[in-house]
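Residue numbers are given in numbering that gives the first Met the number 0: position 98 of the sequence shown equals residue 97, and the series is strictly consecutive.
Mixed in with the good hints there might be a few duds.
[Stated by the list, open to error] Label-pair ranges, simulated between beta-carbon atoms:
1) R147 to Q101: 25 to 31 Å
2) D171 to R86: 33 to 39 Å
3) G183 to Q101: 36 to 42 Å
4) A88 to L146: 22 to 28 Å
I should point out that these hints are in silico values taken from the structure, not numbers from a laboratory.
Every residue gets a Cβ at the ideal spot worked out from N, C-alpha and C, and that includes glycine.
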Amino acid sequence: MSHRILYLVRHGQYQLKQRDQGELTAVGEEQSRITAEALHAIPFNMIHVSTVRRAIQTAEILAGSFPGIQIQSSELLRECVPSMPKRLAALFAMRSPTYDPQEMTLCAHQFDRAFAYFFIPPPEGTNSYDLLVCHGNIIRYFVTAALRINAEAWASLLIHNCGITRVMIDSDGDMFLISHNDIGHLPTDLRTDN
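Given the sequences, and given the hints that come with them, work out the whole structure.
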């Protein structure tokens, strides 16, 4: 049976105070290099990347292990907040007082469109491997969708910088979580989650 395996990699550590414009720190660059080494034997078809700077920088470093691979940017992979579990509402209101609940609805729709676009069965008779370089919230959301569990569970999943999540989709469209937030390739002093 054919399968598609999506490798979801969260961007490396970045300069948090600069938000979307934040570039990778030296630690984030090193995390990305080590992750590239860990993935170098996978025959990726393409790298898909968020249009946010830290993800682009991570993807460019990862691409160094795959000469000639195409990098395709996608607005669908941008970071946002898809919902707010009640237990986090007060904390979130304090950190982002201007965030509108309607923005969360739009974000959930964006994540649903991204899931429908990327999480598809492979072409018949072939195995395919794609690398998505994006953000913690969307990776966690993808995991909840692949497992068909409540989408609000995204906020209960931990994801480190350059953690690797793998989901297999078979030719019938059935999905299997192979691993989530695999950080075994990173030394303990490079395991961060900002």
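Okay, the hints, checked on the actual structure:
1. R147 to Q101: 25 to 31 Å: Roughly 26 Å apart at Cβ, these two residues keep to the hinted range, so it holds.
2. D171 to R86: 33 to 39 Å: Since D171 and R86 have Cβ atoms about 36 Å apart, the given range 33 to 39 Å holds.
3. G183 to Q101: 36 to 42 Å: About 40 Å separates the Cβ atoms of G183 and Q101, which means 36 to 42 Å holds.
4. A88 to L146: 22 to 28 Å: holds, 24 Å
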